[in-house]
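**Student:** Spelled out, the chains give:
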Amino acid sequence: MKRLFCLLLAVAAAITGCKKDETAPASGPIDLQGAGATFPYPLYSKWVAEYQKAHPDVRVNYQSIGSGGGIRQVTERTVDFGASDAPMTDAELQKAPGKLLHVPTTLGAVVVTFNLQGVTALQLTPELVAGIFLGEITRWNDPKLAAANPDAKLPDAAITVAYRSDGSGTTAVFTDYLAKISPAWKEKAGAGKSVKFPVGLGAKGNEGVAGQIKTTPGTVGYVELAYAKQNNLSFASIKNKAGKFVTPELGGVSAAAAGALANMPEDFRVSITDAEGDTAYPISSFTYILLYEEQQDARKGGALVNFLWWAVHDGQKFEADLFYAPLPAELVTKVEAKLKGVKSGGKALLAGAGG
Amino acid sequence: MKAPPGEPYLRRRVVDVVARGLCVLMFVLAVVPLLSLLTYVVKQGVGGLSWSFFTELPKPVGETGGGMANALTGSAILVGLACAVGMPVGILAGIYLAEYGKNRFGDAVRFCADVLSGVPSITVGVFVYTLIVLSMKRFSALAGGVALGILMLPTVTRTTEELIRLVPDTLREAALALGVPRWRATLRVVLRTALPGIATGLMLAVARAAGETAPLLFTAFNNRFWSASLDKPMASLPVQIFTYAVSPYDDWHRQAWAAALVLVAAVLVLNVAARLVVYGRTAR
Amino acid sequence: MAAPADQVGPGATGIAVEVNLGDRLFRWGTAAFAAGTILILAAMAIQMTRASAMSLRHFGLGFITSTQWDPVRDLYGALPYIYGTLVSSFVALLIAVPVSLGVAILLSELAPGWLLQPASFLVELLAAVPSVIYGLWGVFVLTPWLRESVQPPLQKAFGFLPFFQGTPHGFGMMAGGMILAIMILPTISSVTREVMRAVPSTLRECALALGATRWEMVRTAVLPYARSGIVGAIILGLGRALGETMAVTMVIGNRAEISASLFAPSYTMASVIANEFTEASGDLYLSALSQIGLLLFAVTVLLNVVARLLVWRVRKVAAR
Numbered sequence: 001m002k003r004l005f006c007l008l009l010a011v012a013a014a015i016t017g018c019k020k021d022e023t024a025p026a027s028g029p030i031d032l033q034g035a036g037a038t039f040p041y042p043l044y045s046k047w048v049a050e051y052q053k054a055h056p057d058v059r060v061n062y063q064s065i066g067s068g069g070g071i072r073q074v075t076e077r078t079v080d081f082g083a084s085d086a087p088m089t090d091a092e093l094q095k096a097p098g099k100l101l102h103v104p105t106t107l108g109a110v111v112v113t114f115n116l117q118g119v120t121a122l123q124l125t126p127e128l129v130a131g132i133f134l135g136e137i138t139r140w141n142d143p144k145l146a147a148a149n150p151d152a153k154l155p156d157a158a159i160t161v162a163y164r165s166d167g168s169g170t171t172a173v174f175t176d177y178l179a180k181i182s183p184a185w186k187e188k189a190g191a192g193k194s195v196k197f198p199v200g201l202g203a204k205g206n207e208g209v210a211g212q213i214k215t216t217p218g219t220v221g222y223v224e225l226a227y228a229k230q231n232n233l234s235f236a237s238i239k240n241k242a243g244k245f246v247t248p249e250l251g252g253v254s255a256a257a258a259g260a261l262a263n264m265p266e267d268f269r270v271s272i273t274d275a276e277g278d279t280a281y282p283i284s285s286f287t288y289i290l291l292y293e294e295q296q297d298a299r300k301g302g303a304l305v306n307f308l309w310w311a312v313h314d315g316q317k318f319e320a321d322l323f324y325a326p327l328p329a330e331l332v333t334k335v336e337a338k339l340k341g342v343k344s345g346g347k348a349l350l351a352g353a354g355g
Numbered sequence: 001m002k003a004p005p006g007e008p009y010l011r012r013r014v015v016d017v018v019a020r021g022l023c024v025l026m027f028v029l030a031v032v033p034l035l036s037l038l039t040y041v042v043k044q045g046v047g048g049l050s051w052s053f054f055t056e057l058p059k060p061v062g063e064t065g066g067g068m069a070n071a072l073t074g075s076a077i078l079v080g081l082a083c084a085v086g087m088p089v090g091i092l093a094g095i096y097l098a099e100y101g102k103n104r105f106g107d108a109v110r111f112c113a114d115v116l117s118g119v120p121s122i123t124v125g126v127f128v129y130t131l132i133v134l135s136m137k138r139f140s141a142l143a144g145g146v147a148l149g150i151l152m153l154p155t156v157t158r159t160t161e162e163l164i165r166l167v168p169d170t171l172r173e174a175a176l177a178l179g180v181p182r183w184r185a186t187l188r189v190v191l192r193t194a195l196p197g198i199a200t201g202l203m204l205a206v207a208r209a210a211g212e213t214a215p216l217l218f219t220a221f222n223n224r225f226w227s228a229s230l231d232k233p234m235a236s237l238p239v240q241i242f243t244y245a246v247s248p249y250d251d252w253h254r255q256a257w258a259a260a261l262v263l264v265a266a267v268l269v270l271n272v273a274a275r276l277v278v279y280g281r282t283a284r
Numbered sequence: 001m002a003a004p005a006d007q008v009g010p011g012a013t014g015i016a017v018e019v020n021l022g023d024r025l026f027r028w029g030t031a032a033f034a035a036g037t038i039l040i041l042a043a044m045a046i047q048m049t050r051a052s053a054m055s056l057r058h059f060g061l062g063f064i065t066s067t068q069w070d071p072v073r074d075l076y077g078a079l080p081y082i083y084g085t086l087v088s089s090f091v092a093l094l095i096a097v098p099v100s101l102g103v104a105i106l107l108s109e110l111a112p113g114w115l116l117q118p119a120s121f122l123v124e125l126l127a128a129v130p131s132v133i134y135g136l137w138g139v140f141v142l143t144p145w146l147r148e149s150v151q152p153p154l155q156k157a158f159g160f161l162p163f164f165q166g167t168p169h170g171f172g173m174m175a176g177g178m179i180l181a182i183m184i185l186p187t188i189s190s191v192t193r194e195v196m197r198a199v200p201s202t203l204r205e206c207a208l209a210l211g212a213t214r215w216e217m218v219r220t221a222v223l224p225y226a227r228s229g230i231v232g233a234i235i236l237g238l239g240r241a242l243g244e245t246m247a248v249t250m251v252i253g254n255r256a257e258i259s260a261s262l263f264a265p266s267y268t269m270a271s272v273i274a275n276e277f278t279e280a281s282g283d284l285y286l287s288a289l290s291q292i293g294l295l296l297f298a299v300t301v302l303l304n305v306v307a308r309l310l311v312w313r314v315r316k317v318a319a320r
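Residue numbers (the numbering used here), protein chains in the order written: chain V, 1 to 355; chain R, 1 to 284; chain P, 1 to 320.
The hints are simulated quantities; they were obtained by calculation from the structure and are not laboratory data. Please read all numbers here as calculations on a predicted model, not as lab measurements. By construction, the Cβ of each residue, glycine as well, lies at the ideal position given by its N, Cα and C atoms. Be a bit skeptical, because a hint or two may be false.
[Unchecked claim] The calculated lysine-lysine pairs, modelled on DSS-like cross-linking and capped at a C-alpha distance of 30 Å, are:
{"no.": "1", "chain 1": "V", "residue 1": "343", "chain 2": "R", "residue 2": "137"}
{"no.": "2", "chain 1": "V", "residue 1": "53", "chain 2": "R", "residue 2": "59"}
{"no.": "3", "chain 1": "V", "residue 1": "347", "chain 2": "R", "residue 2": "137"}
[Unchecked claim] Per label pair, the in silico range of CB-to-CB distance:
{"no.": "4", "chain 1": "R", "residue 1": "7", "chain 2": "P", "residue 2": "257", "range": "39 to 45 Å"}
{"no.": "5", "chain 1": "R", "residue 1": "134", "chain 2": "P", "residue 2": "116", "range": "22 to 28 Å"}
{"no.": "6", "chain 1": "R", "residue 1": "7", "chain 2": "P", "residue 2": "116", "range": "31 to 37 Å"}
{"no.": "7", "chain 1": "R", "residue 1": "32", "chain 2": "P", "residue 2": "20", "range": "53 to 59 Å"}
{"no.": "8", "chain 1": "V", "residue 1": "56", "chain 2": "P", "residue 2": "145", "range": "48 to 54 Å"}
{"no.": "9", "chain 1": "V", "residue 1": "146", "chain 2": "R", "residue 2": "226", "range": "35 to 41 Å"}
Chain V with its partners taken away, still in its complex shape (with noise of 0.2 Å):
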């Protein structure tokens, strides 16, 4: 008994011997915290590492916790910044306390997948991918399906179809797309994080779906690009609107993007989705990091600039060997300019501060 009492003094007085850090010390390591997409963390966290290979002092955290999260946690300035695959609503930039920008960091795309014996690959208009999703289409060898595939030997089975339980950047992207192409699917299910599906099942996770679609023949759901290469699950290419199928490869992204750059806001907050090109590929979207533009940390802040300065330009070179679409180059001038605009106490951050 007496040992258990020293022992929780010694906790206690280990607990309470660690004071809490001072504010950014003047030298020394800094420490940045990020939250945010689940899409892009894999190439985040190889940027972190490459970055600090040339800035051994600047310690990037960053956690998947959701878009959802990563724009609550900087709205409540828990993290240095966010990311999000959906850029910010009006309502939710109103919230925070300071002005939040948006900064394009990568491309992303969702492919359509299925598990169907003896047929690896799917050609699908936007009618037969609504008509699926809404459950209309109901079977493999459905006539419609049959007459956009006439190689395919479409077997006569159900059609299962599996959808993200949990709200996701996924399901905002498919679904705006959905939107965009189906009066039908905009008035049953709408766009969003969260969506309420007319039929299938809920799957946990990118990785839930394709577990599912893995396990359960006959079944159809929608991925992130890299789950689908991943786990080698078979893809539909989609007619985009220029009137071609295209497949979702990385080239057929970056057209997308470059496809919206005649009408890109100023903020960066704008959809991809069924994107004018014949080679872009209609289910695209950028994802954002999500930074103050007056930092309150001087050195924190200059840290952070010149991490998504170093990102927006060598960074992109990391993309291709994990999925992700590089960003287009005048979209890059245009990143450049608002990132020379990200300021600490008046004073423009970009010029040589920090790192």
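Since the structure of chain V is provided, determine the placement of chains R and P on it from the hints.
**Tutor:** Leaving out everything else, chains R and P in the frame of chain V:
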């Protein structure tokens, strides 16, 4: 038992054998999923175990090596913190309930402990987030430890109470008769007698705390770097497992399974060690 | 058996003789820690209510009866989740209680010495597995097995019952209930076993000396003595079942629909919070999710009250 020997006795024997057989069957039913699970975890996880797993920090995808060293130490620190929060409160509360708690107040505490055990871990996480993270304006290991401690609380409290209550009064009376003050008798005699059982409750609670992911997402966050300070985010095995398991990469999956294997093994070792210590000191 | 606290001094009977300061301090000290439990729960309840305030005002009681859950249109209702939580926990208890009791009896009364340590070790291993791993095992091992080897024969044999109708996906209420059962099994059985072990040997020996078979000995000497502890163990297990998130969410299908069939997908309150909380943005959405947490709280309270009433009645009947 006035009936002639023979038939009724036979019936009782049969009932006895059937009942015992059913118990064995139940045990088998319990063990089958366990074995299936363990074989699966071992099969998936063994391939990921390596020296680098235990000593290196996480590396991005595509680079070989990389491990979960910081998550291993982080989990240990977090569980230690949780015990520091949950153990004293739980055991002392349990003692109160057993020794003095046969009143309305005790009933209220019991009720609250039972309800608390049903609160989903994510709700506890959000509660601690609002309480500690928002006040400190940062994620911290302290918040994580408190959240896990709250999760441990009901199990420790209720098991302590039940087991102390079952200590026979003769022991208490003997101590009091020897002139030992009541508080001392409770701590040195009653508590010590009940300790093996309480240790089981503790281990159950620790096992749960060690494996929880959701509350840590909002409190301790996670950390890809070494950190031992209590007011910074801290890495932990369950969160790292979760992050890797929901990624698309096989290499990360392997590491996640390896981490799961390590987690299960660690909790077990802790379990066995606690049992040995406790049984070594107290006579059965 | 302890005498009331105010009886003090040499003439008092009973055990509670609190003459000295140490005793009083101890009593108050432990009471303070016990009060801590109430404080934590109260603080949680208050925080949840405040977070749900918007949703409570907006939907009122209709929240409990509505089956809508549409974040795009900001329409929320909790009924399918309440159903999912209650039924999955019920199924879990249905499976786990008999199995846990059997295991506990075996380990505390019937098992020979050499079997005891490894066997109890195995059961405790179940508790050491993290939730996320249960979920993954459920997705890759349990649900395919259910879909292929369990649900079709069940449907063939008992398909006339509403419980076994519908397409067998593997994922669904049955998988959710089963995984919950496996997860709460170590809790119920370990605590029950400890409680049974604490029954004094003299009681056992008495029964055996009177000629009882081993089973009769357990039934008449051990179980009644340990009864309240066993109920406590079950309540702890129920608590865990109600609040379990990760593992259940991976196998239950996550579809907010009410269906009598065990094969149908379902959705529990804890799962929907876990699935949507991190991504939810939008004040009413977050508030609705907090209200689900509050409802889960209310359901837990209700179930505990019912359990207590049951125990109280059982005690009254037994005392006759």
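**Student:** Confirm or reject each hint.
**Tutor:** Structure-based check of all given hints:
no. : hint                       : in the structure
1   : V:343 to R:137             : 22 Å, holds
2   : V:53 to R:59               : 12 Å, holds
3   : V:347 to R:137             : 25 Å, holds
4   : R:7 to P:257: 39 to 45 Å   : 55 Å, violated
5   : R:134 to P:116: 22 to 28 Å : 49 Å, violated
6   : R:7 to P:116: 31 to 37 Å   : 35 Å, holds
7   : R:32 to P:20: 53 to 59 Å   : 56 Å, holds
8   : V:56 to P:145: 48 to 54 Å  : 50 Å, holds
9   : V:146 to R:226: 35 to 41 Å : 58 Å, violated
Checked against the numbered hints above, the structure breaks hints 4, 5 and 9 and satisfies the rest.
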